[in-house]
Amino acid sequence: MQIGIYNASQGFQFVGSGSTDTQGKYSIDYEKTLGDAVSAILKVRGFVVVYEVLADTLDVELPEESSTITGTITFGDEYATPVGNYPVNLGVYLGRGEGRINIGDALTDADGRYAFSFIPGNFNSMRGENYFVITYNGNQEETLQLHQGGHAVRDRMVYDQPPSYFNGRLEVDVTDAATNEPIEDAVVELVGTNIPLVQSGHYFFSNVLRGGPYTVRASAPGYETTEEPIEINGFVYRLSVKMTASSVGNPPVVTAVAEREPDRNGWYNRDVLVSFHAADEEGEVTVDPPILVTAEGSSQTITGTATNAAGLTGTGSIIISLDKSAPSTDALTSGDTSGGQWFRSDVEVSLSAIDSLSGVEGTEYSLNHGRTWKAYQGPITFTNEGEHRLQYRSTDLAGNKEAIKQLVVKIDRTPPVLLVVSNPPLLTNANGRMVPVRTVVMGADFYSGVESIELTSIKIHENGGNGTLPTPDDIQKAEYGTFDTSFELRAEAPAPGLTRHYTITYTATDRAGNETTAKTVVSVAKLWSLPWQ
Numbered sequence: 099m100q101i102g103i104y105n106a107s108q109g110f111q112f113v114g115s116g117s118t119d120t121q122g123k124y125s126i127d128y129e130k131t132l133g134d135a136v137s138a139i140l141k142v143r144g145f146v147v148v149y150e151v152l153a154d155t156l157d158v159e160l161p162e163e164s165s166t167i168t169g170t171i172t173f174g175d176e177y178a179t180p181v182g183n184y185p186v187n188l189g190v191y192l193g194r195g196e197g198r199i200n201i202g203d204a205l206t207d208a209d210g211r212y213a214f215s216f217i218p219g220n221f222n223s224m225r226g227e228n229y230f231v232i233t234y235n236g237n238q239e240e241t242l243q244l245h246q247g248g249h250a251v252r253d254r255m256v257y258d259q260p261p262s263y264f265n266g267r268l269e270v271d272v273t274d275a276a277t278n279e280p281i282e283d284a285v286v287e288l289v290g291t292n293i294p295l296v297q298s299g300h301y302f303f304s305n306v307l308r309g310g311p312y313t314v315r316a317s318a319p320g321y322e323t324t325e326e327p328i329e330i331n332g333f334v335y336r337l338s339v340k341m342t343a344s345s346v347g348n349p350p351v352v353t354a355v356a357e358r359e360p361d362r363n364g365w366y367n368r369d370v371l372v373s374f375h376a377a378d379e380e381g382e383v384t385v386d387p388p389i390l391v392t393a394e395g396s397s398q399t400i401t402g403t404a405t406n407a408a409g410l411t412g413t414g415s416i417i418i419s420l421d422k423s424a425p426s427t428d429a430l431t432s433g434d435t436s437g438g439q440w441f442r443s444d445v446e447v448s449l450s451a452i453d454s455l456s457g458v459e460g461t462e463y464s465l466n467h468g469r470t471w472k473a474y475q476g477p478i479t480f481t482n483e484g485e486h487r488l489q490y491r492s493t494d495l496a497g498n499k500e501a502i503k504q505l506v507v508k509i510d511r512t513p514p515v516l517l518v519v520s521n522p523p524l525l526t527n528a529n530g531r532m533v534p535v536r537t538v539v540m541g542a543d544f545y546s547g548v549e550s551i552e553l554t555s556i557k558i559h560e561n562g563g564n565g566t567l568p569t570p571d572d573i574q575k576a577e578y579g580t581f582d583t584s585f586e587l588r589a590e591a592p593a594p595g596l597t598r599h600y601t602i603t604y605t606a607t608d609r610a611g612n613e614t615t616a617k618t619v620v621s622v623a624k625l626w627s628l629p630w631q
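Quick note, the sequence shown lines up with residues 99 to 631 if you use this note's numbering.
These are calculated hints, taken from the structure and not from any lab test. Careful, some of the hints might be misleading.
Straight-line C-alpha distance at most 27 Å; calculated DSSO-like pairs for lysine-lysine [stated by the list, open to error]:
#1 Lys340 - Lys422
#2 Lys123 - Lys575
#3 Lys141 - Lys472
#4 Lys503 - Lys472
#5 Lys472 - Lys499
#6 Lys575 - Lys557
#7 Lys557 - Lys499
#8 Lys123 - Lys141
#9 Lys503 - Lys557
#10 Lys499 - Lys422
#11 Lys130 - Lys141
#12 Lys141 - Lys508
#13 Lys472 - Lys123
#14 Lys617 - Lys575
#15 Lys508 - Lys422
Model the full assembly from the supplied sequences, consistent with the hints where possible.
Spelled out as structure tokens, the structure:
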């Protein structure tokens, strides 16, 4: 967290910073002048959030669902061509100086789309209450007001970054090369789209096409098949195709057609049926039956044939990309752990997804049992003690969605509580004999639970005198490293009026590896003997 202040003379400047502790608490000292506007800028869970500070205490409760701003960037041409890789920035302007706060950056995809997911906070900017600034390509600005839970769409037409190819349309006229007469039974196919566009007749026209290279293929019974490479780059591309009559007769013209358009991004995510249609000047043809494409693969060529009465065979094909398998996401954790399931520190979880065919489109996660989902943008950090349930899944470019996976993150930084009491605590008859001693040992742990309690040591301390020196035999039947609560201690003391102390130490360890020790003391006192005793 950073604290910044604004005043008219100095503008905006940062004056303090700090971080929350394991309990989410913080304290930041700073100086300001009466009348200064104070703002807090939080960096938490990958978000940058701005709050206005109106008192000495600022408590923040992060919402379960973030807000979004989405939009499409298009060029100012006739067909509104999408502009890819166009930089868009979201920020808050708190004043000159250091007051430009960056909330996030985005680049448009191939379809000109961008998206921001963020937490709006609650602040007063130089533009007004909760006003954000969208900056396009570093020079064009637009402001909008957005509060918690809000969603906005901001499309933009630009002129400063033209695309490589502009959208356009295509018109094709097919005629006989010798007579210039229209060929009414021609078939025109545009290759280069996800599904080839096919029209019958001498005139072909398209709706708006994405700019780029294509191939126009024209075929007709009795004519040689003709192919023309073209580039759609704005306006209307008009192509005149002159077809030459075949001297030996032509095979049937075969067109392969999929039963439906690709499910997503040029990919099919379930089986697709491909049918074959044929046209021939002889009239009678034998056409291959439809093929059900079930095998997964990228850019598979599906080919069918047709044979006419003269024995001539024509072929037609279509490219099919099929991906029926969902991606797989792994969750990788990092933090201080004793080797078990519990961590003794903040835990950072990184999600990594793979998809062997169409590729991963995105990964999302939920922290509230799937009620809301957030786009994964970077490692997720857990700081609070206890159990946290992280659900996650990924979607590939074909639209296959992974079944929900779950990771339970367990954090315990607090050592267990341990209480030890000895019985008896005092041996008054220092006669040098071994005396049975028992201990009452009680341990508890709020989070992970107690894993073990062990007798660690028994040490002897004497407060002076010329009595018998301690020997190893003064402690018997003690099994260190176990939960031993019964052993024997020698009732010996240095001299009358002096005391020997046995310090008994136990160690408790919880399932996260946190340790605590507790001690109890058994004392041995040698009393003065009376003269007549």
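Consistency of the hints with the structure:
Taking the CA atoms of Lys340 and Lys422, the gap is near 43 Å; set against the 27 Å cutoff, the hint is violated. Only pairs whose Cα atoms come within 27 Å are accepted, and Lys123 paired with Lys575 is rejected, the gap being roughly 49 Å. As the CA atoms of Lys141 and Lys472 are separated by approximately 17 Å, the hinted pair is consistent with the 27 Å bound. This hinted pair checks out: Lys503 and Lys472 have alpha carbons roughly 15 Å apart, not beyond 27 Å.
Pair hint Lys472 plus Lys499 holds up; C-alpha atoms about 15 Å apart against a cutoff of 27 Å. For the hint pairing Lys575 with Lys557, the CA-to-CA distance comes to about 14 Å; that is within 27 Å, so the pair holds. Taking the CA atoms of Lys557 and Lys499, the gap is about 63 Å. The hint is violated against a cut of 27 Å. Between Lys123 and Lys141 the CA atoms are separated by roughly 14 Å; this keeps the pair inside 27 Å, and the hint holds.
For the proposed pair Lys503 and Lys557, the alpha carbon gap of about 52 Å is over 27 Å, so the pair is violated. At most 27 Å may separate the alpha-carbon atoms for a hinted pair to count; Lys499 and Lys422 meet this at roughly 10 Å. Of the supplied pair hints, the one linking Lys130 and Lys141 holds, its CA atoms being roughly 22 Å apart against a limit of 27 Å. The suggested pairing of Lys141 with Lys508 holds, with an alpha-carbon distance near 23 Å, which does not exceed 27 Å.
Annotation: proposed proximity of Lys472 to Lys123 holds, straight-line Cα distance about 25 Å (limit 27 Å). Straight-line distance between C-alpha atoms of Lys617 and Lys575 comes to about 19 Å, which keeps the hinted pair within the 27 Å bound. Taking the CA atoms of Lys508 and Lys422, the gap is near 35 Å; set against the 27 Å cutoff, the hint is violated.
Checked against the numbered hints listed earlier, the structure breaks hints 1, 2, 7, 9, 15; every other hint is satisfied.
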